[in-house]
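> Single-letter residue listing:
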Amino acid sequence: MPQSGQEMLEESIGSCKQIADGLGTQNAAWETSIVEIIEKFEEVSDTFFFKTMPSVPVTRTAMREAASLLDLKNEGDWKGFEASLDSMISTAQDVIEKAGMKGTTLT
Amino acid sequence: MSNPVLITGGAGSVGRQLAGMLLEDGKTVRIFDLPFMDFSGLEDEEGVEVVKGDITDADSVISAVAGVSGVLHLAAILPPNSEKDRDFTFRVNVDGTRNIVEGLKAGAPEAPLVFTSSISTYGDTSGENPPITVDHSQGAIDVYADSKIAGEKILLASEVNYIILRVASIAVPGFLEPPEPWPFTAAQRVEMIHRDDVADALRNAVGNEKAVRKVFNVAGGNSWRLTGKDYVEDFFNVMGAPVDMAVYRDSPGWNDWYDTEESQKILKYQNRSYEYYSDQMKAIVEEMMAG
Numbered sequence: 001m002p003q004s005g006q007e008m009l010e011e012s013i014g015s016c017k018q019i020a021d022g023l024g025t026q027n028a029a030w031e032t033s034i035v036e037i038i039e040k041f042e043e044v045s046d047t048f049f050f051k052t053m054p055s056v057p058v059t060r061t062a063m064r065e066a067a068s069l070l071d072l073k074n075e076g077d078w079k080g081f082e083a084s085l086d087s088m089i090s091t092a093q094d095v096i097e098k099a100g101m102k103g104t105t106l107t
Numbered sequence: 108m109s110n111p112v113l114i115t116g117g118a119g120s121v122g123r124q125l126a127g128m129l130l131e132d133g134k135t136v137r138i139f140d141l142p143f144m145d146f147s148g149l150e151d152e153e154g155v156e157v158v159k160g161d162i163t164d165a166d167s168v169i170s171a172v173a174g175v176s177g178v179l180h181l182a183a184i185l186p187p188n189s190e191k192d193r194d195f196t197f198r199v200n201v202d203g204t205r206n207i208v209e210g211l212k213a214g215a216p217e218a219p220l221v222f223t224s225s226i227s228t229y230g231d232t233s234g235e236n237p238p239i240t241v242d243h244s245q246g247a248i249d250v251y252a253d254s255k256i257a258g259e260k261i262l263l264a265s266e267v268n269y270i271i272l273r274v275a276s277i278a279v280p281g282f283l284e285p286p287e288p289w290p291f292t293a294a295q296r297v298e299m300i301h302r303d304d305v306a307d308a309l310r311n312a313v314g315n316e317k318a319v320r321k322v323f324n325v326a327g328g329n330s331w332r333l334t335g336k337d338y339v340e341d342f343f344n345v346m347g348a349p350v351d352m353a354v355y356r357d358s359p360g361w362n363d364w365y366d367t368e369e370s371q372k373i374l375k376y377q378n379r380s381y382e383y384y385s386d387q388m389k390a391i392v393e394e395m396m397a398g
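Order-wise, the sequence lines are chains P and Z. Using our numbering, you'd call the opening residue of the first sequence number 1 and step up by one each time. Using our numbering, you'd call the opening residue of the second sequence number 108 and step up by one each time.
It should be emphasised that the hints constitute simulated quantities derived from the structure, not laboratory data. These figures come from a predicted structure and were not determined experimentally. Glycine included, each C-beta is placed from N, C-alpha and C at the ideal position. Incorrect hints may have been included.
To be verified - Derived, one-sided and incomplete: chain Z residues facing chain P with beta-carbon distance under 7 Å: (1) Met346; (2) Gly347; (3) Ala348; (4) Val350; (5) Asp351; (6) Val392; (7) Met396.
As the list claims (entries may be wrong) - In silico DSSO-like links for lysine-lysine, alpha-carbon gap of 27 Å or less: (8) Lys51/P <-> Lys336/Z; (9) Lys134/Z <-> Lys372/Z; (10) Lys389/Z <-> Lys51/P.
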């Protein structure tokens with residue numbers, strides 16, 4: 001059974017936590033960015049959006065980018081890490097924006 | 108230049124939609140809404156006049172109503188906010204309506220007042236035989252319906268040219284949170300209406316002499332006659348979300364199937380079937396999946 005948006009978001013959060021661990025010794029600003037992503041993802045993780053199909057593409061991207069970022073950290077490729085972090089931040093913003101659906105289907 | 112049609116609560120999405128429609132019809136529009144609302148795109152629009160004020164303030168309502176050719180009275184506290192503070196809901200939904208009526212008497216006694224009421228005013232009709240007609244007794248099961256019944260009474264006792272539209276649950280085509288709980292049980296009859304059909308009903312009520320001093324049910328029509336379960340399962344299936352997470356009311360709410368024969372004959376608003384709405388929802392989800 002394919003992963004749901006919620007499962008992929010949780011996996012992204014897990015990867016981000018591993019990325020954040022000790023990252024501050026390399027670059028404090030990077031660590032702050034990752035911690036913010038974790039906080040925002042945890043804040044929105046229970047919303048209806050992540051239980052729907054439209055959440056799958058964007059959370060899949062977030063999950064893959066977080067995994068890739070974690071690999072770069074583990075390899076110590078900090079040049080590649082910096083470039084990929086920008087992409088991760090942009091994807092995270094997209095996830096958060098899409099999760100912030102307002103209103104209801106009925107009035 | 109014709110006298111403007113006043114839209115109370117006009118800075119909201121429905122008000123803006125209606126303003127655009129009325130401008131297309133060659134009418135001019137006066138938007139009345141709270142000063143802190145976003146009026147961008149309205150203030151510089153030709154044919155649109157903006158009046159900032161509060162529906163609960165009789166003086167500001169009198170100046171907003173003066174000289175209008177008609178009123179579309181949308182301003183109201185809606186569920187779920189209406190259920191949080193009964194006094195406040197009544198101040199806006201009932202006293203506000205009274206202020207409009209008084210304003211019309213003083214400044215535009217012939218102008219028709221289109222009042223957006225609700226089918227929720229019928230209360231729980233689940234044990235009866237549908238369709239529910241406009242002469243059915245009213246019995247509120249929430250604050251909102253109670254306030255709408257009180258608003259209707261003000262109009263019925265007045266000499267204004269009222270047009271009362273008892274609008275069904277409005278289905279908005281968009282990727283939005285489902286209500287929790289849904290305002291009906293799984294087995295209950297529901298007949299909703301597409302948001303744009305509501306706009307058409309309001310548009311076609313303005314200046315419609317056949318509608319004056321009448322009460323109408325405004326609902327989607329035959330294709331929208333479903334059970335709560337049918338509607339909710341379709342919704343979750345389109346969204347690709349697990350159906351078992353849907354939460355229904357424990358006891359019947361105020362949804363049912365409605366007699367809309369006369370309203371459709373006079374207001375000609377049932378232009379979007381349930382299938383049309385479903386296709387729109389599918390397209391929205393597909394677009395999100397692609398993007």
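> Determine for every hint whether it applies to the structure shown.
Hints versus structure:
{"no.": "1", "hint": "Met346", "verdict": "holds, 4 Å"}
{"no.": "2", "hint": "Gly347", "verdict": "holds, 3 Å"}
{"no.": "3", "hint": "Ala348", "verdict": "holds, 5 Å"}
{"no.": "4", "hint": "Val350", "verdict": "violated, 11 Å"}
{"no.": "5", "hint": "Asp351", "verdict": "violated, 11 Å"}
{"no.": "6", "hint": "Val392", "verdict": "holds, 6 Å"}
{"no.": "7", "hint": "Met396", "verdict": "holds, 6 Å"}
{"no.": "8", "hint": "Lys51/P <-> Lys336/Z", "verdict": "holds, 19 Å"}
{"no.": "9", "hint": "Lys134/Z <-> Lys372/Z", "verdict": "holds, 23 Å"}
{"no.": "10", "hint": "Lys389/Z <-> Lys51/P", "verdict": "holds, 16 Å"}
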